[in-house]
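> Throw the hints in and build the complete structure from the sequences for me.
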Amino acid sequence: MAIDRRPLREQVKEELLARLAAGGFTPDEPINEIQLAAELGVSRTPLREALITLEREGVITSRRGKGFSFTPMSPQEFHDLTEIVVTLESLALRSTDPEYLADIAPRLLEEARSFSEPAAPHEVIERYDDAWHDLLLSGCRNERLMDLVTSLKLTMHRYERVVVGDEDILERSAQEHEQIAECLLRGDVPAAVKALEQNWFSGRDRILERLKANARKAEQRGTHPMA
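Under full-length UniProt numbering, residue 227 is the last one in the sequence shown; the count climbs by one each step, no gaps.
Don't read these hints as lab results, they were simulated from the structure.
Heads up, a few of these hints could be off.
Here are the simulated lysine to aspartate or glutamate pairs, EDC-like style, with alpha carbons at most 16 Å apart [stated by the list, open to error]: (1) Lys194 to Glu182; (2) Lys66 to Asp28; (3) Lys194 to Glu178; (4) Lys194 to Glu83; (5) Lys212 to Glu77; (6) Lys66 to Glu39; (7) Lys194 to Glu171.
Given below as structure tokens:
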């Protein structure tokens, strides 16, 4: 069995983000620390450390006398999260050994072409996109940077799953990943970085359109699903 040597608070944080992305928590719902610690099989100390870290990252809010709760979602936050992830992934790609990128470029292109549907269920797109981007950045040796990318993307998945739904059909640009891989095949890392940025921004725009559409429907119903 593989031994996870990371601090327990980091493992708890990752589990909380995974549950949040899967819709396991409702925004503004108070977090019962005693119950949650029991569910996770940890003491309250690493749980509280993880909650405090998530509060610093803006995922969780604390209120005097009311404890912790997950921060309500907003289109602006999703927009900002995307810009941060774009910047970090671009840095990771530029930091990777060009020879390594050239070695994995054929596989990246092959996998991009094998999943070329213009639309698919969101759950399928999310799983594929995560695996493809993990392979793209697998040569980055900056572990701290990659931990930040993983954490932020889990927070973004919270938006996508709540707003879009796993089974909803979502449009996607089938050529975006192919363009990144083709740039790497030519050894043009700067062009690959630009194509990566375009990939993220077009995906952001598609999700924001869904957010706006859902907000309009909520207004018509007289409800407010987001802050």
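> Hint by hint, note whether the structure agrees.
Going through the hints against the structure:
| no. | hint | verdict |
| --- | --- | --- |
| 1 | Lys194 to Glu182 | 12 Å, holds |
| 2 | Lys66 to Asp28 | 11 Å, holds |
| 3 | Lys194 to Glu178 | 13 Å, holds |
| 4 | Lys194 to Glu83 | 13 Å, holds |
| 5 | Lys212 to Glu77 | 13 Å, holds |
| 6 | Lys66 to Glu39 | 21 Å, violated |
| 7 | Lys194 to Glu171 | 21 Å, violated |
The structure shown violates the earlier hints numbered 6 and 7.
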